[in-house]
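Chains as they are written, first to last, in the numbering used here: chain G, -2 to 779; chain W, 227 to 529.
In case anyone wonders, no lab produced these hints; they're calculated from the structure.
Just so you know, not all the hints are guaranteed correct.
Cut-off 20 Å, straight-line C-alpha distance, at most; resulting in silico cross-link-like pairs (DMTMM-like, lysine to aspartate or glutamate) [what the hints assert, rightly or not]:
(1) W:491 - G:687
(2) G:422 - W:462
(3) G:749 - W:462
(4) W:275 - W:371
(5) G:131 - G:687
(6) G:131 - G:211
(7) G:758 - W:292
(8) W:491 - G:689
(9) W:391 - G:689
(10) G:749 - W:497
(11) W:390 - G:689
(12) G:692 - W:497
Some chain G residues flagged as far from chain W (calculated, every beta-carbon gap over 10 Å) [claimed, not checked]:
(13) 440
(14) 682
(15) 740
Residues from chain G that keep clear of chain W, each with C-beta distances beyond 10 Å, as calculated [said to hold, decoys possible]:
(16) 96
(17) 331
(18) 381
(19) 475
(20) 498
(21) 542
(22) 566
(23) 675
(24) 683
(25) 687
(26) 748
(27) 757
We put the beta carbon where it would ideally sit given N, CA and C, even for glycine.
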Amino acid sequence: MIKEKVISLITVLFINIIPLLAQNNEATISGFVYDSTTRESLIGANVSIKSINRGANSNISGYFVLPRLEPGNYEINVSYIGYKAKTENISLRAGANKRLDIYLEPRDLVGREMIVTADSSRTIDVLFSKPVSKIEITSLQISQVPQVIEADLLRTLQTIPGIVPISDFSSAIYVRGGTPDQNLFMVDGTDVYNPEHAFGLFSTFNTDAIKKVEVFKGGFGSEYGGRLSAVINITNNDGDRNQFKGKASLSMLALNTTLQTPLGSFGSLSGSIRRTYIDQTLAKWIKDVPDYYFIDGNIKAFFDLGESNKLSASYFGSKDNLDFILDKERSESFGFDYIWGNQTGSLNWKTIITPKIFGNLWLTYSHFYSDFSFDQVQFLEQNKINDITFKGSVEYFYSDLLNFKFGFEHKNVTGGLKQNFGGGKVDVWRHRLLYSLYFSANWTPSPLWDIDAGIRGDYFVSDKDFTNLDPRLTVKYRLTERSNLKFSTGIYHQYANRIPRLFFVSIWTTADEYVQGSWADHFVLGYQLALAEKLELEIEGYYKNYKNIYTYNPTFLVDLSPEDYDENNLPIYRNSRGLFNRGDGKSLGIEVLLRKDYGAFTGWMGYSFSRTEYSLDRVNQGNGFPPRHDRTHAVNIVANFDLNNFFREMNNDQFVKSDKKWSLGLNFTYFSGQPITLPGSVYIANNSPDWEINKNSLAIYPSAINEFRLPYYSRLDFSLTYEIQYDGWSLSPYMQIFNVLNRKNVWFIQYKNKIEKNTIKQEVNNINMFPILPSIGVHVRF
Amino acid sequence: MEKTKNIAFIFLILSVYVFYSCGQSSLEIGENTYVPKIVIDGYLYPGQKVEKIKITRNIPVNTYPDPASLILFNSDVRITDLQNGKEYKLTYNFQKLYFEYNGNDLIIGYDKSYKLSVSSMIDGKSLSASSTTLVPRKGFKIIDELSSSKSINYRETDPTGNEKKISITFSPSHGTGYYFFSIVSLNASDSSFIYNNPYVQVKNSDVGKNLDQYRYRFRWLQNVNWEGTFVSYSLEWINFWFYGDYRIIVYACDENFRLYNQTYKNVQEFDGNFHEPRMNINGDGIGIFGSAITDTLYIKVNK
């Protein structure tokens, strides 16, 4: 019975597909879509021939193909949000391969917001072309969200439904119940392992260098692998191809410069550098401020190698340096040195093999390191990861109804951790290989349907080898003229886990004989509605299952086991046994996003309901419990106002151009309370049997794990920017206030216990998150 | 009309912003987090009688009773020699405030298992708890001739300029990987405090307030090679805050001692959340019923 059904299905597929394959002697139009002012490629532009109801979108390289066209005359319409639509008339002969590079002019600019009129892409078409659970964010949008001192990509992502933070003190993101180590971060195609500055307060991504950020919150396609929850794919600026441009920013934290320049007619160069300066200012004047700085920078070069080949080279480096001395005025004092950083590099070659076959090759290198030295207690630590990856993909645009993508990835990862702590050593060095192949087919059987089916195969070489096949499927359907329905599902595997630590940067370990590979399956159902022109509503429901997830074991000390001993018979640890608690879990939720990207009033409102439950070995007696990042309800409202034109837009009046502009930004966040384990009781206990009961002889025994909830979290942030433009220059002083109403949100509870005058006394203090934090700064563009 | 509606909508949103974004949240801990437990604090030592078994109760957070009122002296406490199954009832010593076995027919042996059973009433509720310990095997001993001399100058350097450390070398017990070092200053006072230490500046007035914190110090070693003939370990100077005499007791610990000692106080994570300690106690009990072999070293730290 099942066999007959499979045969019928294959037959139906071939009846539909074979006639397509049989077509020949037809013409093709292909090319790139560019921004006419910078000549940067535009991702996701719509290219269509309305007369025959055919169309295509430009891919991540800006390349599009309209294959298998009958000879004749066509009117090609090209549109992209925020750009003037363009029409080209083309005459095609039989068998012709017509190259058509299209330069779109940005819409009339008022300040830096773009006004949209009806001749751009239709909102519902843009929504339909978007993959399930994908959010795109630009550098401008990141910089408009008021934040802690500096604009920050990860903190901006924390305002999107389905993405939550753990606290004000961390830029880490938890996507749909997943943990931060389940997110794949890529910059220009290169994996980044620990994307954090200042112990997690800020991310390493420099907002000014970013061209575009794609965030896949789940249900992503077969080209992405190695993580269970989400993909954050960051593309940095290629560089302006037409003119020299620059930007400098000064905030209370850092000085930042970004420059872009054309390289003749064949390329461009873009670079950014950012450095904090408190070590050169406050730390010199105030003895309690530690000597700390971070610096990061990136440089990217882009070259046209003829019409069919493009090459880009990208480098990113970051370094954090903390030289801590407890008492600077003493000749000897408690102190330590701590340095950590990332370096990534990538070479990307894009080639048009034939007009219908587009190829992409990457060679990437990612290096993370940290060095800690605390001589007075003889504690030393070195942590390293090196990842060299070679990967490629080929897209075959067989027809506008059917195209294929094939790709491969080979990772060669080495890494290690060395610790010397007096009572033993950790000496771990690992070499891992990952081989991945993927294939996907995108089929548009009718204008109403779009089906993308793919499969990814992984072979991970460790102490123990892992082989997995991950099927992925996305189905999109145009429900009405103004609404779409989407569904996505897939299986995802992960072979790396991160151990978060207090103060120290995280350590990555891989699947091996003690830690199995993790996997998850995703089911996502989405509904999209174009409420009005450029006002979009998205509702998504999801369900995720996790197996073999690993969380840091807080009592790992008692579970470690050595593999070797030193000359004093002290242990040397070379394995990951005991570091994690294995478990399973599930997440489900619903998210609502109302978004307006263009006009004098922009922003988004999001609501999410979610439930996550983990069951971990050795925790809560094996019973399920909500993890700390579980937030049942989350509301985010991000609003930016061009105050010069806001009321004009409300009255549908024509916008006015002005050399002086006021902008107001608001960010409202509400989260229902996080789960928390409270102290259940106090008891008398001593570290050593021979000690007398003393002031410190009290211990806390916890309640059941995470059975209580903190009060709700809420915050309002505010920013005000004044922009003056003069002779091609722009000066924008700004003020922003984080937590403007100074709400005291509880972070955790601190207890002080002591025995005094034969009485146990306990002080219970609520430790709060950030209070009101005003900051000022200035941006200069030229 | 449209404009008025829009303005009203914006003001409504702003009002919600303001309403939710000010004020102060706080978490009160009530009685609902409390579950009564029998707290066991007892250790067995080979060659010795059973004594110093302390049985108390836990109390809710935010209550301030007299510590003496926590003792469960009416408890039924029994110890079972698992080699022969014989059970011994312990009695409460009101002078010494602990349970003990006074008979001469129970002397703790090396490599033997014992079970402690406790039944008690707390807040009208009948509770019971039990735990079993396996006493470490014979073999542990400090090797005096390979350990530091009895007297050492604070942060003394050797002829090459390297700082000398107080080192302890011992022969391990077969099967025992965890060794606990209890370092107690016998002359702790604000006058003997080492003010010119390389770590922190401590005011004279603060020494008295935190005297116990500086007086009682500990280190531990785990997973040592118990098949080796000796284990050598150096104690950092950060464990010595006073000039004068020190008593260093080294415990060769059983598994219960190891689990309890490494986890009972380490229950709050860096984000403030709590997790469970690891204790080998069944039923309604928490704490420690462990066993150890001990040896002691006396050291004098000179100026």
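Structure-based check of each hint:
1. W:491 - G:687: 17 Å, holds
2. G:422 - W:462: Satisfied, since the Cα-Cα distance of roughly 16 Å is no more than 20 Å.
3. G:749 - W:462: 27 Å, violated
4. W:275 - W:371: With Cα atoms ~30 Å apart, residue 275 of chain W and residue 371 of chain W exceed 20 Å; violated.
5. G:131 - G:687: Since the Cα atoms of residue 131 of chain G and residue 687 of chain G sit roughly 61 Å apart, the hinted pair is violated (cutoff 20 Å).
6. G:131 - G:211: Given pair residue 131 of chain G, residue 211 of chain G holds - Cα atoms ~7 Å apart, limit 20 Å.
7. G:758 - W:292: 10 Å, holds
8. W:491 - G:689: Distance of about 17 Å is within 20 Å: holds.
9. W:391 - G:689: 27 Å, violated
10. G:749 - W:497: 16 Å, holds
11. W:390 - G:689: With a Cα-Cα distance of about 30 Å, the restraint between residue 390 of chain W and residue 689 of chain G is violated, given a limit of 20 Å.
12. G:692 - W:497: 25 Å, violated
13. 440: Holds, because the least Cβ-Cβ distance between residue 440 of chain G and chain W comes to about 43 Å, which exceeds 10 Å.
14. 682: 6 Å, violated
15. 740: Non-interface label on residue 740 of chain G violated, nearest chain W Cβ at 5 Å vs cutoff 10 Å.
16. 96: It holds; residue 96 of chain G is separated from chain W by about 48 Å at its closest Cβ, greater than 10 Å.
17. 331: Residue 331 of chain G not clear of chain W: closest Cβ-Cβ about 4 Å, inside 10 Å.
18. 381: About 23 Å separates residue 381 of chain G from the closest Cβ of chain W, which puts it past 10 Å; holds.
19. 475: 30 Å, holds
20. 498: Since the minimum Cβ distance to chain W is about 8 Å, residue 498 of chain G lies within 10 Å and the statement is violated.
21. 542: 25 Å, holds
22. 566: Its Cβ does come within 10 Å of chain W, the nearest being 4 Å, so this is violated.
23. 675: 5 Å, violated
24. 683: 7 Å, violated
25. 687: 5 Å, violated
26. 748: 7 Å, violated
27. 757: 6 Å, violated
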